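Novice: Next come the chains, spelled out residue by residue.
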Amino acid sequence: MSVTTKPVNQKAWFLILTVLICVAFSAIMPLMTVVNYSVQDIISPTQQVFVGTEWFSAIMRDEELHGALLRQLTFSMAVLAVELPLGIMLALAMPSQGWKSSAVLVIVSLSLLIPWNVVGTIWQIFGRADIGLLGAGLKWLGVDYSYTGNAVDAWVTVLVMDVWHWTPLVGLLGYAGLRSIPDAYYQAASIDGASKAAVFWYVQLPKMRGVLMIAVLLRFMDSFMIYTEPFVLTGGGPGNATTFLSQFLTQKAVGQFDLGPAAAFSLIYFLIILLLCFILYNWMQRVGTQEKEGGHE
Amino acid sequence: MARIDLDLAHAYNKNPQQDSDYALLPLKMTFEDGGAYALLGPSGCGKTTMLNIMSGLVTPSQGTVKYDGRDVTTLLPQERNIAQVFQFPVIYDTMTVAENLAFPLRNRKVPEDKIKKRVGEIAEMLEMSGQLNHRASGLAADAKQKISLGRGLVRPDVAAVLFDEPLTVIDPHLKWQLRRKLKQIHHELKLTLIYVTHDQVEALTFADQVVVMTRGRAVQVGSAADLFEQPSHTFVGHFIGSPGMNFLAGKVDAAGLHLSGVSFDLPAGRKLPKGEIKLGIRPEYVAVAEPGAPGALPMTANKILDVGTHLMLSASNANYALKARLPSDMSSLSPGDAVWLKVMGEHTCFYKNEEIVR
Numbered sequence: 013m014s015v016t017t018k019p020v021n022q023k024a025w026f027l028i029l030t031v032l033i034c035v036a037f038s039a040i041m042p043l044m045t046v047v048n049y050s051v052q053d054i055i056s057p058t059q060q061v062f063v064g065t066e067w068f069s070a071i072m073r074d075e076e077l078h079g080a081l082l083r084q085l086t087f088s089m090a091v092l093a094v095e096l097p098l099g100i101m102l103a104l105a106m107p108s109q110g111w112k113s114s115a116v117l118v119i120v121s122l123s124l125l126i127p128w129n130v131v132g133t134i135w136q137i138f139g140r141a142d143i144g145l146l147g148a149g150l151k152w153l154g155v156d157y158s159y160t161g162n163a164v165d166a167w168v169t170v171l172v173m174d175v176w177h178w179t180p181l182v183g184l185l186g187y188a189g190l191r192s193i194p195d196a197y198y199q200a201a202s203i204d205g206a207s208k209a210a211v212f213w214y215v216q217l218p219k220m221r222g223v224l225m226i227a228v229l230l231r232f233m234d235s236f237m238i239y240t241e242p243f244v245l246t247g248g249g250p251g252n253a254t255t256f257l258s259q260f261l262t263q264k265a266v267g268q269f270d271l272g273p274a275a276a277f278s279l280i281y282f283l284i285i286l287l288l289c290f291i292l293y294n295w296m297q298r299v300g301t302q303e304k305e306g307g308h309e
Numbered sequence: 013m014a015r016i017d018l019d020l021a022h023a024y025n026k027n028p029q030q031d032s033d034y035a036l037l038p039l040k041m042t043f044e045d046g047g048a049y050a051l052l053g054p055s056g057c058g059k060t061t062m063l064n065i066m067s068g069l070v071t072p073s074q075g076t077v078k079y080d081g082r083d084v085t086t087l088l089p090q091e092r093n094i095a096q097v098f099q100f101p102v103i104y105d106t107m108t109v110a111e112n113l114a115f116p117l118r119n120r121k122v123p124e125d126k127i128k129k130r131v132g133e134i135a136e137m138l139e140m141s142g143q144l145n146h147r148a149s150g151l152a153a154d155a156k157q158k159i160s161l162g163r164g165l166v167r168p169d170v171a172a173v174l175f176d177e178p179l180t181v182i183d184p185h186l187k188w189q190l191r192r193k194l195k196q197i198h199h200e201l202k203l204t205l206i207y208v209t210h211d212q213v214e215a216l217t218f219a220d221q222v223v224v225m226t227r228g229r230a231v232q233v234g235s236a237a238d239l240f241e242q243p244s245h246t247f248v249g250h251f252i253g254s255p256g257m258n259f260l261a262g263k264v265d266a267a268g269l270h271l272s273g274v275s276f277d278l279p280a281g282r283k284l285p286k287g288e289i290k291l292g293i294r295p296e297y298v299a300v301a302e303p304g305a306p307g308a309l310p311m312t313a314n315k316i317l318d319v320g321t322h323l324m325l326s327a328s329n330a331n332y333a334l335k336a337r338l339p340s341d342m343s344s345l346s347p348g349d350a351v352w353l354k355v356m357g358e359h360t361c362f363y364k365n366e367e368i369v370r
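From first to last, the protein sequence lines stand for chains S and U. Our numbering numbers the first residue of the first sequence as 13 and each following residue consecutively. Our numbering numbers the first residue of the second sequence as 13 and each following residue consecutively.
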């Protein structure tokens with residue numbers, strides 16, 4: 013037989029054991045704990061009742077959850093709608109070389125280095141009508157602004173805070189994408205007589221597609237899980253105006269110690285994020301790459 | 013379409029002190045309307061700089077660029093009405109092949125029906141008619157480069173089409189085909205084409221006039237035959253031809269030409285300046301001679317390479333090394349043989365300070 017047979021040694025399976033153990037401790041076991049909680053009613057540490065999918069059906073019908081989910085989706089979409097164009101503009105405006113470019117890079121990344129709860133605290137003080145620059149400034153202009161009393165003000169403040177905190181990330185990613193475009197593309201566009209707008213639409217934006225896709229996914233996932241900043245700033249109020257999904261979950265799990273419903277909900281939460289990311293990713297993979305129909309009419 | 017006059021110099025750094033600071037030394041050059049030119053030279057000789065100055069991507073640090081006598085030195089490429097094709101394919105990813113070809117026309121607000129007609133013609137010439145509605149990003153490198161070529165050729169009224177080593181990424185057999193295509197297009201469209209390359213075969217087969225460049229200087233402008241028969245600079249002799257010209261250093265005095273140890277009478281009617289001189293002869297014109305024949309040097313054969321159609325002989329003596337291209341029937345020659353090689357003849361050129369003596 014000229015066919016060489018590969019040696020078979022089942023002991024090789026032991027080689028993946030370490031990975032298996034690591035993943036078990038880091039992901040599988042915590043997740044299974046949550047799954048375990050989600051199908052039980054834990055009345056006290058010593059008293060548990062198996063309830064099957066009861067928590068899941070209960071939580072799916074929870075009006076409060078629907079509210080939080082809707083707020084969350086609106087918030088995430090608003091974050092993307094503002095931060096993406098703003099980040100692209102930022103990237104386009106950044107100088108491309110020399111000491112200016114390094115200086116701008118450092119300044120732009122500053123907000124990314126600030127811990128979440130500090131961001132919340134900064135804005136909490138910034139927005140106060142008595143001592144905060146923003147609050148006092150708006151008051152001086154005659155705007156009736158209060159992030160603690162007015163639901164719209166609170167919601168907008170959280171959004172602006174997120175935009176302030178994270179637009180630089182989109183900007184930096186976009187900047188990286190822009191820098192990777194070979195000079196020949198700009199030269200060719202210039203020879204072809206393209207206007208600045210045409211260069212943006214036909215050269216820069218298509219070439220930034222890859223990094224912008226990463227920016228969209230990162231910003232979507234992060235904003236969908238936002239917790240610390242609104243918690244520090246508004247505590248989810250006034251009313252439920254800025255209670256987003258993760259805060260809703262924390263209230264359930266830690267505040268009310270409803271471990272069963274909270275576990276069921278966090279699994280659903282996890283699936284929502286997974287599903288939305290999957291849809292987003294696939295949509296963005298295809299956008300702008302499908303065969304055009306109808307030809308060069 | 014236009015005549016392009018260059019009278020300029022360019023340095024990339026601000027305060028050029030010496031010749032080596034210049035990418036292009038001061039030069040005057042004219043590209044006639046409708047001509048096919050090639051800029052030929054090794055990497056870093058300034059040929060791409062010259063091309064970019066013509067298209068407006070680079071503004072010369074001194075001097076002017078004129079199209080048909082009109083000074084365009086300070087105009088942007090968009091305002092110059094010129095086309096340029098780059099070394100690596102540049103295509104607009106989101107567009108179809110047809111949209112890519114139409115882009116330079118659309119940007120200049122050409123009416124749609126004219127665009128369609130012209131794009132159709134160009135696609136026909138490049139044999140891309142079947143792919144017009146395909147997305148350009150999915151194509152192979154050579155097809156992408158054909159699109160780039162097409163975008164360069166699509167505007168009928170350009171002053172010139174500049175090619176910056178456009179066939180680097182193309183397969184050899186396709187390269188030949190595309191070069192012929194370009195030549196054919198040149199005949200059909202009567203555009204001025206200027207072609208940058210470091211490949212002499214490409215330059216000599218493509219262009220009517222070849223500009224040979226080295227170190228920021230255009231050392232000779234001429235047809236393929238000029239460059240071969242009468243290289244005006246030793247660099248051209250070296251660079252053109254495979255292998256390049258043989259150069260033998262010698263001296264001229266009243267008695268004639270002296271190559272170390274051997275004296276020659278000057279060819280009848282030839283006047284040469286006294287002093288150091290270099291004799292140049294193409295390997296193609298070196299012939300085996302009888303021992304002691306006039307105009308011949310005694311050498312020892314070192315290496316004989318049978319290339320099929322001819323023999324390539326490397327020979328040397330104490331002072332000189334020569335390469336000669338001999339007919340295949342000389343195969344009785346073997347390494348170590350003494351051989352007399354004729355270096356004086358009607359094709360022999362003489363150089364003083366690297367420049368030809370006419």
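If you are wondering where the hints come from, they were derived from the structure by calculation, not from laboratory data. Computed from a predicted structure; not experimentally measured. Hints may contain errors.
Below, computed lysine-lysine pairings styled on DSSO-like, alpha-carbon distance capped at 27 Å [stated by the list, open to error]:
| id | chain 1 | residue 1 | chain 2 | residue 2 |
| --- | --- | --- | --- | --- |
| 1 | U | K26 | U | K128 |
| 2 | S | K208 | U | K290 |
| 3 | U | K290 | U | K187 |
| 4 | U | K195 | S | K208 |
| 5 | S | K219 | U | K121 |
| 6 | S | K208 | U | K187 |
| 7 | U | K290 | U | K195 |
| 8 | U | K78 | U | K202 |
| 9 | U | K283 | U | K263 |
| 10 | U | K40 | U | K128 |
| 11 | U | K202 | U | K40 |
| 12 | U | K78 | U | K128 |
| 13 | S | K219 | U | K156 |
| 14 | S | K208 | U | K354 |
| 15 | U | K187 | U | K202 |
| 16 | U | K354 | U | K286 |
| 17 | U | K364 | U | K315 |
| 18 | S | K112 | U | K202 |
| 19 | U | K286 | U | K315 |
| 20 | U | K193 | U | K129 |
| 21 | U | K315 | U | K283 |
Novice: Decide, hint by hint, whether the structure agrees.
Specialist: Results for each hint:
Of the pairs offered as hints, the one joining K26 of chain U and K128 of chain U is violated, with about 46 Å between alpha carbons and a cut-off of 27 Å exceeded. Among the hinted pairs, K208 of chain S with K290 of chain U is inconsistent with the structure: their alpha-carbon atoms are about 56 Å apart, more than 27 Å. Our distance criterion of 27 Å between C-alpha atoms is broken by K290 of chain U and K187 of chain U, whose separation comes to about 38 Å. Between the alpha carbons of K195 of chain U and K208 of chain S the distance comes to roughly 34 Å, so the proposed pair goes past 27 Å and is violated.
The hinted pair formed by K219 of chain S and K121 of chain U meets the criterion: a straight-line CA distance of about 25 Å does not exceed 27 Å. For the hint pairing K208 of chain S with K187 of chain U, the CA-to-CA distance comes to about 34 Å; that exceeds 27 Å, so the pair is violated. Pair hint K290 of chain U plus K195 of chain U does not hold up; C-alpha atoms about 37 Å apart against a cutoff of 27 Å. For the suggested pair K78 of chain U and K202 of chain U, the alpha carbons sit about 20 Å apart, so the restraint of at most 27 Å is met.
Between K283 of chain U and K263 of chain U the CA atoms are separated by roughly 13 Å; this keeps the pair inside 27 Å, and the hint holds. For a cut-off of 27 Å, the pair hint linking K40 of chain U to K128 of chain U is broken: about 40 Å separates their Cα positions. Restraint check: the Cα-Cα separation between K202 of chain U and K40 of chain U comes to about 24 Å, which is no more than 27 Å; the hinted pair holds. The hinted pair formed by K78 of chain U and K128 of chain U fails the criterion: a straight-line CA distance of about 32 Å is larger than 27 Å.
Taking the CA atoms of K219 of chain S and K156 of chain U, the gap is near 16 Å; set against the 27 Å cutoff, the hint holds. The hinted pair formed by K208 of chain S and K354 of chain U fails the criterion: a straight-line CA distance of about 65 Å is larger than 27 Å. Restraint check for K187 of chain U and K202 of chain U: satisfied, since their Cα atoms lie roughly 22 Å apart, inside the 27 Å limit. For a cut-off of 27 Å, the pair hint linking K354 of chain U to K286 of chain U stands: about 23 Å separates their Cα positions.
Between K364 of chain U and K315 of chain U, the direct Cα distance comes to roughly 30 Å. Violation of the 27 Å bound is thereby established for this hinted pair. Distance hint between K112 of chain S and K202 of chain U is unfulfilled; the C-alpha atoms sit about 48 Å from each other, more than 27 Å. For the suggested pair K286 of chain U and K315 of chain U, the alpha carbons sit about 35 Å apart, so the restraint of at most 27 Å is broken. Between K193 of chain U and K129 of chain U the CA atoms are separated by roughly 20 Å; this keeps the pair inside 27 Å, and the hint holds.
Restraint check for K315 of chain U and K283 of chain U: not satisfied, since their Cα atoms lie roughly 35 Å apart, outside the 27 Å limit.
Violated hints, listed in ascending order, are 1, 2, 3, 4, 6, 7, 10, 12, 14, 17, 18, 19 and 21; each of the other numbered hints is respected by the structure.
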